[in-house]
Amino acid sequence: MLLTRHDVERLPVKDVLAALQRQPHPPGLVREAVELLLHRCAAERALPQAHQLHALMLATGALRSRYLSNKLVQAYGQCGDVESAHAVFACQPDPNVFSWMMLISACLRNALPRAALGHYRAMQLRGCHPDAHVVSAIFCAVADTANLELGRSITAPLASTAMLHDPVVANSLLNMYRRCGGMDDFERAFWAMPSRDEVSWTTMLAGRIQCGREASALELLRVMDQDGFRITSALTFATLVDACGNLSAIAQGRHLHDRIITSGVCIDVVLHTALLNMYAKCGRVDEARELFDQTLEPNNITFSSMVVAYARNGHFGDALKLFWSMEQDGYKPDSVTFTHVLYACSHGGFVDQAWHYFTTLEPDRGIPLVAEHFGCAVDLLARAGWLADAEKFLNRMPIPPDSVSWMSLLQACRIHRNVEIGARAAEHVFRLAPHRAGPYSLLSNIYSDAGKWDMAAKVQKLMRDRGIKKPGGRSWIEINGKTSEFIVGDSWHPDLVQICQEIQRVSKVMKEHGYVPDTKQVLHDAEEEEKEDILYFHSEKLAIGLGLIKTPPKTTISIVKNIRVCPDCHTAAKVISKVTERKIVIRDINLFHHMEDGKCSCRDYW
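The sequence shown runs 2 to 607 under our numbering.
Among the clues, some could well be false.
Label pairs and their calculated CB-CB ranges [stated by the list, open to error]: (1) R418 - R189: 32 to 38 Å; (2) P364 - K483: 52 to 58 Å; (3) T296 - V352: 42 to 48 Å; (4) R189 - I302: 41 to 47 Å; (5) V352 - K471: 40 to 46 Å; (6) D259 - W192: 26 to 32 Å; (7) S66 - V271: 39 to 45 Å; (8) V405 - I262: 21 to 27 Å.
Once the Cα atoms are required to be at most 20 Å apart in a straight line, the calculated EDC-like pairs of lysine to aspartate or glutamate come out as [stated by the list, open to error]: (9) K483 - D185; (10) K393 - D365; (11) K555 - D598; (12) K333 - E373; (13) K584 - E597; (14) K600 - D491; (15) K322 - D335; (16) K551 - E513; (17) K579 - E503.
Simulated from the structure, these hints should not be mistaken for laboratory data. For each residue, glycine too, the CB sits at the ideal point set by N, CA and C.
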């Protein structure tokens, strides 16, 4: 019985193949059936059937069709068999652009960017000129290798053609520069585009955020408005919302939230989670919870995001209550959720609860323990002051401990003033993360706190000898919808004179309340008074000073710091919160510090 088109579309692939092999069919039907089956094999990732179909194509002569041969290359690529895809391609006497595209796509789909680049070079050597689709794919291959110089060399010959004006190619070029870290090339390519679509703008936003230029990313929104560009993508809005969260720019974040609602854009899981995270990163946990409660269909992602929001803002009990509610409602927490649950237990002092979760995670819940879970266990022991136990735990872990775990122990040694274990922990971090400046600063502080100035100086010299530079301290504060940035020793801000006067005024009051500047944090050879002046110019103090002179009395001052807040600034901010009757929120690289009436939510452990 002869097959019909309906049979080819409806029956299992193996049954159709068997029928075609059992009984001769008209050539036209065979060709039509082969094309349909190739599509189905690719869609269903049916590799065994793709091999059978390959044999049938050889037997019937269908493989002589370059079109069907290309489709077979595509099917093999989607089924994960790049070797067979290349073998089919190699049999083509005269491959065209589409043939090369199918082979290059097969390599990219299977994480073989260097093979894709090799085929691109071979294509050019054989005199086949790439089209926009091929060039776009090759830019993706370069992005996967993160080889900026290679990307530039491929782009250079195309600069004199109209190829780079093709929207697909131009957007792929942008993405390549972004992923390769070529931000100057990235900016030039963006502004050279004759027209920009939503993909272009979103890529530009993501690129600026990626390199820590969130404020300039938000400025793009104004440029988009001036160009008359209307945002219709939830992803673009989510990218802008992320920028607001990273800067703790709550006014701009709220404005953007209102704009999203009035735009009519569908708020999907990604955008909803971005909004929730934005409020959490701005320290507005109540608003994050309000958004969470409005979720029509909560899932693991929304629950986990809210658990993180509570934990990072110091609401450890609320984080655990929500987690228990999550389990009671039948949701299955994943590995990431448990990382934040362990974090909440550790920081909240729920030692027994944390250890119970850690020891039962794999046997009772079937969730394999990963490095992050072990890191939380180390932090739990170290935070409790059991430094020797934490060190033993690290040395006996079933997986090699990472730099983050050793860093947790090193931070605990600073808090608990243990020089010996701190020095050993620092050596591990130096080895595992050789370019990080943080462990050098921590070890230097440990020695300084212990009065071992020579050892502190040696650590600083070692850091210089190894060419490691501490990232400059930067702080951001949003006032009236405008974000101001400060760096250590800033001298350019238009309100600097007023800021310094306010810091000096408040410092006098602070000293009356017992504040003593921690000049041990200044390793320069200078007089005590000069060291105090240096401390005044730390970026977070300057940001607080601007907040004091530019915002109404008793309102909250929110600041973002790019590195760990220094001990003196932490102490100073607590005292300022008391003497000015303000709440001060500082989000540093580790966690939130909610300071009120002279106390901090971190309990002076960060």
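Of all the hints given earlier, name the ones this structure violates by number, lowest first.
1, 3, 4, 5, 8, 9, 10, 14 and 16
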